[in-house]
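Enquirer: Kindly generate the complete structure, drawing on both the sequences and the hints.
Start counting the sequence shown at 1; every next residue gets the next number (UniProt numbering).
One or more hints might be untrue.
[Said to hold, decoys possible] Here are the in silico distance ranges between beta carbons for each label pair:
no.	residue 1	residue 2	range
1	Glu56	Lys7	35 to 43 Å
2	Val29	Glu56	32 to 40 Å
3	Ser125	Lys93	30 to 38 Å
What the hints contain is simulated information worked out from the structure, not anything from laboratory work. Ideal Cβ placement from N, Cα and C applies to all residues, glycine included.
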Amino acid sequence: MATGDLKRSLRNLEQVLRLLNYPEEVDCVGLIKGDPAASLPIISYSFTSYSPYVTELIMESNVELIAKNDLRFIDAVYKLLRDQFNYKPILTKKQFIQCGFAEWKIQIVCDILNCVMKKHKELSSLQKIPSQQRKKISSGKSEPPLGNEKISAEAVGVDISGRFMTSGKKKAVVIRHLYNEDNVDISEDTLSPITDVN
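Expert: Laid out in structure tokens, this is it:
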């Protein structure tokens, strides 16, 4: 992108933020001044809150982004961009932390957001493929068991107290929360015992 059109850069950032469903108010004055405090919350949101897939990727890569000062946060972000997203920002870490370079910072933020959205699509489509294969496998008919496999003739369930039940009949527990309102006595025969469902 050619430099010199700060308003167009801000419009591009607004478009990307809409796609990202960014919930916070954007500090446009800070972005125009090149204040890093205006862009850091956007970057933080994109990595930590936008996508559970991207957040999981970050956790697996052992990069800590939360509870850092600005310099350490930018160090971690640049490392993450290099290692996981194959992206090298135009500005150095030191330049990004300084005030100024407004248009370049906006462009870097847009690039980061686009990288995160692209990685989200990539990771979510990888997640869908195994689940679709599982659906195909489970929807197919089950094969008859081999002679050496044993099958339990009784259904196994767990009752409400956590005990295993091996009979086909499961017992439902009815719990009534009776309380004494206006000092009315509740007789014992209003309490119901455990009843069979079948």
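Enquirer: Cβ-Cβ distance between Ser125 and Lys93: within 30 to 38 Å?
Expert: holds (32 Å)
Enquirer: Taking the Cβ atom of Glu56 and the Cβ atom of Lys7, is their distance within the range 35 to 43 Å?
Expert: Holds - the Cβ-Cβ distance for Glu56 and Lys7, about 37 Å, lies within 35 to 43 Å.
Enquirer: Regarding Val29 and Glu56, is the given constraint of 32 to 40 Å on their beta-carbon distance met?
Expert: holds (35 Å)
Taken one by one, the earlier hints all hold for this structure without exception.
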